[in-house]
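Put chain B on the given structure of chain A with help from the hints.
Line order of the protein sequences matches chains A and B. Position one of the first sequence corresponds to residue 1 (my numbering), numbered consecutively onward. Position one of the second sequence corresponds to residue 1001 (my numbering), numbered consecutively onward.
Be careful, since some hints might not be right.
List of simulated lysine-lysine pairs, DSSO-like, C-alpha gap at most 27 Å [stated by the list, open to error]: (1) 1245(B) x 331(A); (2) 1139(B) x 76(A); (3) 1220(B) x 1245(B); (4) 196(A) x 1379(B); (5) 1081(B) x 1030(B); (6) 1044(B) x 321(A); (7) 1423(B) x 76(A); (8) 1030(B) x 49(A); (9) 1139(B) x 196(A); (10) 1139(B) x 79(A); (11) 331(A) x 1220(B); (12) 1220(B) x 1314(B); (13) 124(A) x 1112(B); (14) 307(A) x 1245(B); (15) 321(A) x 1220(B); (16) 273(A) x 1135(B); (17) 1319(B) x 331(A); (18) 1363(B) x 79(A); (19) 307(A) x 1044(B); (20) 307(A) x 1314(B); (21) 307(A) x 1220(B); (22) 1081(B) x 48(A); (23) 273(A) x 1139(B); (24) 48(A) x 1139(B); (25) 196(A) x 1112(B).
The hints are simulated quantities; they were obtained by calculation from the structure and are not laboratory data. None of these values were measured; they are calculated from a predicted model.
The chain contents come next:
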Amino acid sequence: MAGLVTALLAVVALAAVAALGAGAGMAQVFGIYIPYVAVAIFVTGFIKKVLGWASTPVPFAIPTTGGQQYSLPWVKQAKFDNPSTPGQTFIRMALEVLCFRSLFRNTKVDNRPGEGTVGYGSDKSLWLFALIFHYCFLIVFIRHFRFFLEPVPFLVTGVEFVDSILQISVPTLYLTDVFFVVGVTFLLARRLFDSKVAYISLASDFFPLFLILAIALSGIYMRYFAKVDVIAIKQLAIGLVSFKPVIPPNVDWSFYMHFFLVCVLWAYFPFSKLMHLGGVFLSPTRNLPNNTRMVRHINPWNDPSIKPHSYADYEDDFREKMIEAGLPVDKEA
Amino acid sequence: MSKMAPPEELMNVNYSTPSEPWMDVRPEFKPGTFSYPGKPDVLKYLGLPNPRDWSPTEEDWKLPPDWRETIRDGFRELLGKYRSLKVFMDCCVRCGACADKCHFYIGSGDPKNMPVLRAELLRSIYRGEFTVAAKILGKLAGARKLEEDVVKEWFMYFYQCTQCRRCSLYCPYGIDTAEITFLARDLMNRIGLNINWILEPAANCNRTGNHLGIQPHAFKDMMDFLVDDIETVTGRRVEPSFHRKGAEILFITPSGDIFAEPGIYTFMGYLLLFDYLDLDVTWSTYASEGGNFGSFMNDKWMKKLNAKMYAEAKRLGVKYIIGGECGHMWRVLNQFMDTMNGPADFLEVPKSPITGTVFENAKSTKMIHLVEFTADLIKNGKLKLDKSRNAGITATWHDSCNTSRGMGFFDEPRYVLENVVEKFVDMPSQTIREQTFCCGGGAGLNNGEFTEMRLRGGLPRGNALKYVQEKFGVNTMSCICAIDRATLPGLADYWAPGVKVTGLHELVGNALVFEGEEERTMNLRQEDLPGLEGSEEEE
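Chain A extracted, bound-state conformation (with noise of 0.2 Å):
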């Protein structure tokens, strides 16, 4: 428990500096040096965490294969549980990254001793909370490009309208804030309240879903309650994302805690688990072939000097009694 109040404090902490911060004339600080030192972290950081696992060699191909392997022609292959080839690989990886394939797979474990039966229940919570979770990150992130661009594209008016679809309130609700806020509460409750999760949870699992947390709080906030003058914020966002930073009045302060935690997070990120979203993608387990007998996989450390314990030196510790048993020799006593 531990965990769960250092991260909660942590969080309620940064958001109280720069709610007091940028209303105490720190706007600059909060609205312009902090997020370009974020920025940086986080792109620098994620960078050279991906080049260092990119540049770690991979001995061996160990797929981990979750179907019938490519195998006599009448025996049917599971393509993509099991992919023999590149192109079936790539579709593996893709109902892994986009789909939670892995997760789709959860079970439950039920014993009942007094039945004498211990059963594996599906169990799709996870997989359900944790996409829906993702999928609505993805959203929020892209709608939020509406502030950096101008025009604002397509593909963001595109997503806007269809999160706001049921036009409930003004400004209208989108359903991703929603649906959000309760994918991220069902993984902090799971944490909570499962106590095998409990039990393995670190002040790092917490911190972030704590600072999600607060980040869609307070830009719900922004949004639907203070309603904030968006004019004022995009054009700050303009500013910062063409190199010309400006503070522009009328930002509320609300504004600032928002940005600022998205900074943390920004900053965090490249240092902590979330770098799983780069992590998915080099997992030997899952973006390898199962063909490793009809392709040699080529491990660069491969040391040529190991040999066996030679047949010679086999036949010479043993070859009387090799000859007394019948059995052939290359050489005779």
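Same frame as chain A, but now just chain B:
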């Protein structure tokens, strides 16, 4: 064994988590939960550091004075050699999808047997030693210092993992505990933390060619016994050859098959099949082990022991290799062999001399699975099989971890099984195929002193077996792994008494009908065939 609680009691697993954080819980070395350490003379033979007498139950493990540096340097080295390790250390989100997938967790309730925590044992040191932020934040960021208790915990839990990879199937990032355990054991070997049941077989494999230390003349003797037994059952005298240069095929199988029941019946099945086909095949005492005990140690020994197969194939001048029924053997053959010891450019792409089928799926490794070979024979109508010789058997199929999640070998063995028995029924779908459960004895844990933990780990498999036993009258579990054949009989006796364990080619050997053969009255176990029981007594 005698102290084991009955299954109903063992099933009553306590899955609640301790009140204190896992870093504060010290490992307890109770008999039945750990394997005995490597013996000093074995370590010396293998050239491994820190040979000594020691016991996990004692406080002083007699670690070398510079053990911390050795682990740090070793960890750094492995992080530079294995992308898997690096990615797996960095990107776990602790979602817990793997938590209840491990048979040892399901059977013991020990939270450190949750794959995620097993990996955290290593990851906490990775953070503490190799990442800046976590070094500063310490425990809060899941980092800890490298203390003796940490490596003691490693010894406990990385030798409570059978590298079955079931958790890896469910992980959204494919984090593979087998890889983590493999590398953790590599690290431990550098400071002398290893178990004898891995090291001694590895040493034996190196010197005698097989893990049991059977010397060549004794191997030949054992083969002769089995040849005699075959004659008793079938009236045929099969004539296997050894070290025959110029043979078409070299056959290699786990040596457990020649040594003990029920493996020997599978071995007899191999011999009968080769005789039936008049296959140009030879055996080697030098390369008389399929299983690779080096793969439970480190990459060097895995390569060194595996290298015998190609070396012998080359010396004998065979065209290709057929491998017998084995689990780890096939993980190594499928995913490591060609990389480590290839290219096998002195061999030819395997082509069945009986059916003409070219095994394109093994065109580089040039080593095929006997079950692939047999399935192809049956499909092409080349075997005359009489299922009634296996009458009375209601069979189920145990998918071995390594051929399942390191290969995807599911339909070929089932096809063979369905063609040799009258009744076959699968266990529940979430306990078979890629979701199969381990026998509990993989990766070097099939030793006597570990029996209690192994039977706990056998709960999921045992319970699934009991289910089909009660519901469908299953009385036989067939499998293609030598460790299974050694472990599953004990598991069945405990969890589902009355079910016997067979290799696949035992059943093939029983069913094979030779031209002009004398009528069989016994199966390969020399049990009377159904309908013929007691016929001798009447005479």
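Verification of the hints:
1. 1245(B) x 331(A): 14 Å, holds
2. 1139(B) x 76(A): 49 Å, violated
3. 1220(B) x 1245(B): Distance of about 17 Å is within 27 Å: holds.
4. 196(A) x 1379(B): Distance of about 48 Å is beyond 27 Å: violated.
5. 1081(B) x 1030(B): Not satisfied, since the Cα-Cα distance of roughly 35 Å exceeds 27 Å.
6. 1044(B) x 321(A): Holds. Residue 1044(B) to residue 321(A) sits at ~26 Å (cutoff 27 Å).
7. 1423(B) x 76(A): Holds: residue 1423(B) and residue 76(A) sit about 23 Å apart, inside 27 Å.
8. 1030(B) x 49(A): Cα-Cα ~42 Å, so violated.
9. 1139(B) x 196(A): 19 Å, holds
10. 1139(B) x 79(A): It is violated: about 43 Å lies between the C-alpha atoms, which goes past 27 Å.
11. 331(A) x 1220(B): 19 Å, holds
12. 1220(B) x 1314(B): Roughly 22 Å separates the two Cα atoms, so the pair holds.
13. 124(A) x 1112(B): Given pair residue 124(A), residue 1112(B) holds - Cα atoms ~24 Å apart, limit 27 Å.
14. 307(A) x 1245(B): 22 Å, holds
15. 321(A) x 1220(B): 11 Å, holds
16. 273(A) x 1135(B): This hinted pair holds, its Cα atoms lying about 16 Å apart.
17. 1319(B) x 331(A): 23 Å, holds
18. 1363(B) x 79(A): Answer holds: residue 1363(B) to residue 79(A) is near 19 Å, not above 27 Å.
19. 307(A) x 1044(B): 19 Å, holds
20. 307(A) x 1314(B): 14 Å, holds
21. 307(A) x 1220(B): The hint holds at about 26 Å.
22. 1081(B) x 48(A): With Cα atoms ~18 Å apart, residue 1081(B) and residue 48(A) stay inside 27 Å; holds.
23. 273(A) x 1139(B): Holds: residue 273(A) and residue 1139(B) sit about 16 Å apart, inside 27 Å.
24. 48(A) x 1139(B): Satisfied, since the Cα-Cα distance of roughly 25 Å is no more than 27 Å.
25. 196(A) x 1112(B): Judged against 27 Å, a Cα distance of about 11 Å means the pair holds.
Consistency note: the structure conflicts with the earlier hints numbered 2, 4, 5, 8, 10.
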